[in-house]
Amino acid sequence: MDCLKRLKLVHWVVILLAFAAPLFVKSGYLMHILIDTGFFIILVTGLNIVIGYTGALSLGQQAFLGIGGYTSALLMKNYHLSYLSCLTAAALLAGIAGLLIGAVCLRLRSHYFVIVTLAFALIMELVCINWVDLTGGPMGMPGIPSPTLYIPGLVNFTFQTKTHYYYLVLVMVFIGLYVTYRLIHSRIGRAFIAIRENEELAKSMGVNTFGYSLFAFVISSMYAGVAGSFQAHYLNLVTPDMFGFYSMITMLLMIAIGGKGTISGPILGAIIISMLPEFLRMAEMYRLSIFGFLLVIVTLYIPDGIIYKMMPISNALESWKVRLWRTLSSNS
Amino acid sequence: MFEQFVTHMFNGAIIGSAYGLMGVGLTLIFGLMNVVNFAHGELYMLGAFFVYSLVAILQVNYFLSILLGMGGVLVFGGIIERFTIKPIRNAPILMTALVTIGLSIFLKNTALVIWGGVPKKIPNPFPSASLKLGYVYVTQPRIFALLLTIGVVILLHYLIKKTKLGKAMRATFENKDAAALMGIRVDRIYLYTFAIGSVVAAMAGILLGTIYLVYPTMGELAVLKAFIIVIMGGMGNFVGAFFSGIILGISESLGAGFISTGYKDAVGFVIVILVLLFRPQGLFGE
Amino acid sequence: MADLELKQLTIQFGGLVALQDLSFHVAEEEIVALIGPNGAGKTTAFNIITGFLSPTHGQIIYSRENIVRLPPHQIASKGLFRTFQKTNIFSSVSVFDGVMMGRHSRTKGGFLKIIFNTNDVRMEEEKSKEKVEAILDFVGLAHRKDEMARNLPSGEQRLLEIAVALAGEPNLLLLDEPATGMNPSEKERVMALIKKIRSNGITILLVEHDMGLVMGISDRIVVLNYGKKIAEGKPREIQENEEVIRAYLGGVG
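Chains as they are written, first to last, in our numbering: chain A, 1 to 332; chain B, 1 to 286; chain C, 1 to 253.
What the hints contain is simulated information worked out from the structure, not anything from laboratory work.
Watch out, some of these pointers could steer you wrong.
[Claimed, not checked] Computed far set for chain B versus chain A, every beta-carbon distance over 12 Å: (1) 7; (2) 38; (3) 138; (4) 227; (5) 262; (6) 269; (7) 271.
[Claimed, not checked] The list that follows gives simulated cross-link-like pairs (lysine-lysine, DSS-like), each with its CA atoms no further than 30 Å apart: (8) A:309 with C:145; (9) C:131 with C:196; (10) C:131 with A:321.
Using N, Cα and C, we set each Cβ at its ideal position, and we do this for glycine too.
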């Protein structure tokens with residue numbers, strides 16, 4: 001597979017560490033952080049397609065997160081469908097919501113787009129809190145069953161321990177990243193970037209800018225749906241917080257700090273922001289103040305994100321690896 | 001029933017006038033300067049907290065505190081503009097949104113740390129007895145708020161249309177390069193506009209803080225409604241924003257009274273979506 | 001291989017009639033220049049032809065199809081491409097990637113095929129890359145292919161614009177003031193390039209102020225003034241046309 005050849009040393013190290021993590025991470029709390037990071041990676045990789053690649057600031061991703069989570073939860077709890085069905089339904093419903101909301105919002109210019117995406121998300125939050133019969137209201141719905149893998153005669157497996165969930169989210173992360181990778185390095189990805197860089201020129205080149213922007217929006221919302229479904233069955237709980245402002249801010253911060261417009265950027269952002277509370281445990285009270293402050297500083301002084309600062313390191317390691325390879329093979 | 005209706009209308013109008021004030025302040029910043037300032041609500045909140053601190057803690061006279069509080073936010077707004085808005089003035093909207101969201105979170109949480117989350121009341125010299133006006137009971141703070149709001153709107157309208165500063169502002173927002181060539185100090189104009197917009201927000205906060213309560217997250221919903229009002233009013237139209245605020249206040253009040261309180265806040269969101277789809281120049285725009 | 005015919009094209013903005021009953025024909029593989037004083041309506045005509053503006057009435061027949069009021073991206077996918085008066089490029093990507101973007105309408109891969117990286121998607125990518133290399137050679141920007149577009153000097157940015165338009169394999173190319181911001185030697189280059197493009201079977205309609213260039217490469221010239229066509233013909237005829245001379249020297253109502 002050609003994409004494997006494109007991976008650099010740094011990527012391989014991270015992948016290896018990711019797969020081996022449960023071997024040396026024994027603390028349940030730390031595992032939770034890793035799982036949480038995985039969840040966020042799926043979420044922001046999706047959001048980055050809209051913000052980083054088509055250049056549209058959507059403040060509504062949390063709506064699709066919530067829709068995915070609640071759909072999955074309700075289907076499994078009330079209809080006892082298999083996990084895969086619930087997951088698929090969550091992604092589909094989130095995608096349909098993305099289609100409807102996107103079709104409305106994307107007609108509007110950037111300033112208005114930002115506000116209207118936020119408005120839709122807030123409406124969804126209010127619906128979630130108030131439609132108590134369906135959603136359980138402000139307290140949410142506890143008792144969401146854990147995912148099971150059931151192939152009659154072969155496998156009957158319920159995800160229970162943190163390690164199980166870790167590998168589940170890891171698989172989802174890899175699939176999500178692979179799909180994004182293929183998408184970005186294709187004519188569709190180029191269309192996205194064209195829309196971001198110069199919409200007028202994109203149109204005059206034959207890019208249906210509305211259609212592709214909508215497509216990006218829908219894909220992004222489906223990623224959120226998948227993430228929502230995962231979280232619902234991992235925490236065995238869904239709450240209206242999924243629809244909340246804090247969700248959205250976390251995502252934005254991850255994309256801004258990590259670096260929008262690249263695939264690795266949001267991953268780095270997700271890792272940093274997920275680990276941050278660990279370091280800030282002392283200053284729990286000040287956590288949000290620090291978040292806010294960081295967001296301001298990063299946007300002003302590191303607008304392309306930390307990932308660009310990492311590139312020289314990655315490149316240096318890469319050439320070191322190449323030289324090492326050459327020395328080793330010439331000596332044999 | 002009719003009494004209920006009128007009471008709702010009237011209370012809605014009062015709240016609406018405070019919304020209108022928020023909208024008017026944001027009209028300067030979002031409608032004219034095109035800055036998507038998500039931190040606007042925190043300036044509203046800070047105005048209220050400054051006055052609260054002055055009156056309740058330092059025992060300063062209420063009206064004097066209002067002036068001092070406004071002055072404080074004036075300076076604060078100016079500092080924010082200089083250090084966080086100006087550097088990204090020409091950057092894509094994404095940057096401005098991110099920075100102001102960051103500011104907003106920072107200010108909200110820091111206010112929480114400093115003053116605590118328990119809602120506070122601003123002690124005020126108005127007697128607590130209500131007056132009866134026709135069908136409705138109204139308290140003096142509310143009348144004060146309404147009068148002050150109307151006064152500010154008239155003042156701003158006059159400022160923009162008749163004064164030299166107003167002319168300079170309009171020229172800058174229409175074409176900043178041409179304005180600069182004409183000798184207008186564009187940087188100063190942006191600074192003043194932002195500062196004035198912030199002070200107007202602060203005043204709305206002070207008024208609502210006097211009528212109701214002051215708490216660190218009071219700016220959250222308020223700012224969203226302010227954006228809605230600016231859009232409804234036609235992006236740069238003060239009078240339009242003011243009346244849109246009243247309309248929003250009344251719609252919410254009626255919605256809460258006759259349909260359901262839970263969805264009250266959704267009214268504004270639905271309105272803005274409809275306006276942008278069917279009348280994007282706003283209800284009062286050209 | 002394409003021809004273009006404008007029939008009674010009219011557009012009115014409020015009280016101002018920007019174009020009045022504009023009609024002319026560009027035959028296959030012709031180079032026609034649209035000239036006229038500033039504000040005559042030339043770029044407006046371009047914007048209508050390429051779908052960025054809707055005319056009040058009139059028709060635009062492109063290869064026997066009336067394309068009036070179609071959205072820009074659909075018109076482009078039929079092989080009608082343009083460049084802009086003010087340099088319009090994808091500034092933050094490399095020259096190569098920018099031209100690759102122009103391949104969009106000539107490639108087909110859908111979402112599923114892309115995810116599974118099917119053979120035809122891969123072959124399409126390869127073919128596009130080859131075409132882009134060829135185009136960069138053709139316009140003379142091959143040595144710049146990895147540089148970021150915004151770092152190119154303005155003359156080369158104009159060439160890049162043409163390269164991006166060529167990537168779409170146009171049948172009809174609209175060039176809006178291609179020589180703006182160029183020094184004499186760059187203008188020579190552009191003139192030669194335009195002739196080369198035409199000899200590859202592409203019909204060309206251009207707007208240009210530089211009379212040397214216009215007279216040098218046009219088969220025919222159409223002259224606009226205040227939204228109306230005042231003359232049409234071969235370069236020699238236009239040079240000697242009194243009304244045209246008066247229009248340029250001003251004072252004609």
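A cut-off of 12 Å on Cβ-Cβ distance, and residue 271 (chain B) was said to be off the interface with chain A. Does that hold?
violated (9 Å)
Check the non-interface label on residue 138 (chain B): least C-beta distance to chain A beyond 12 Å or not.
Non-interface label on residue 138 (chain B) holds, nearest chain A Cβ at 29 Å vs cutoff 12 Å.
Given pair status - residue 145 (chain C), residue 309 (chain A), alpha carbons within 30 Å
holds (25 Å)
At 12 Å, judged by beta carbons, does residue 227 (chain B) keep clear of chain A as stated?
Since the minimum Cβ distance to chain A is about 5 Å, residue 227 (chain B) lies within 12 Å and the statement is violated.
Take a quick look at whether residue 131 (chain C) and residue 196 (chain C) sit within 30 Å of each other, Cα to Cα.
holds (16 Å)
If I take the minimum Cβ distance from residue 262 (chain B) to any residue of chain A, is it greater than 12 Å?
violated (4 Å)
Residue 131 (chain C) and residue 321 (chain A) were given as a pair; does the straight-line alpha-carbon distance stay at or below 30 Å?
violated (34 Å)
Just double-check residue 7 (chain B) for me: nearest Cβ-Cβ distance to chain A has to come out over 12 Å.
Since the minimum Cβ distance to chain A is about 24 Å, residue 7 (chain B) lies beyond 12 Å and the statement holds.
Non-interface claim for residue 38 (chain B), where every Cβ of chain A lies beyond 12 Å
Its Cβ does come within 12 Å of chain A, the nearest being 9 Å, so this is violated.
With 12 Å as the threshold, tell me whether residue 269 (chain B) passes as away from chain A on beta-carbon distances.
violated (4 Å)
In the structure shown, a violation is registered for the earlier hints numbered 2, 4, 5, 6, 7 and 10, in ascending order.
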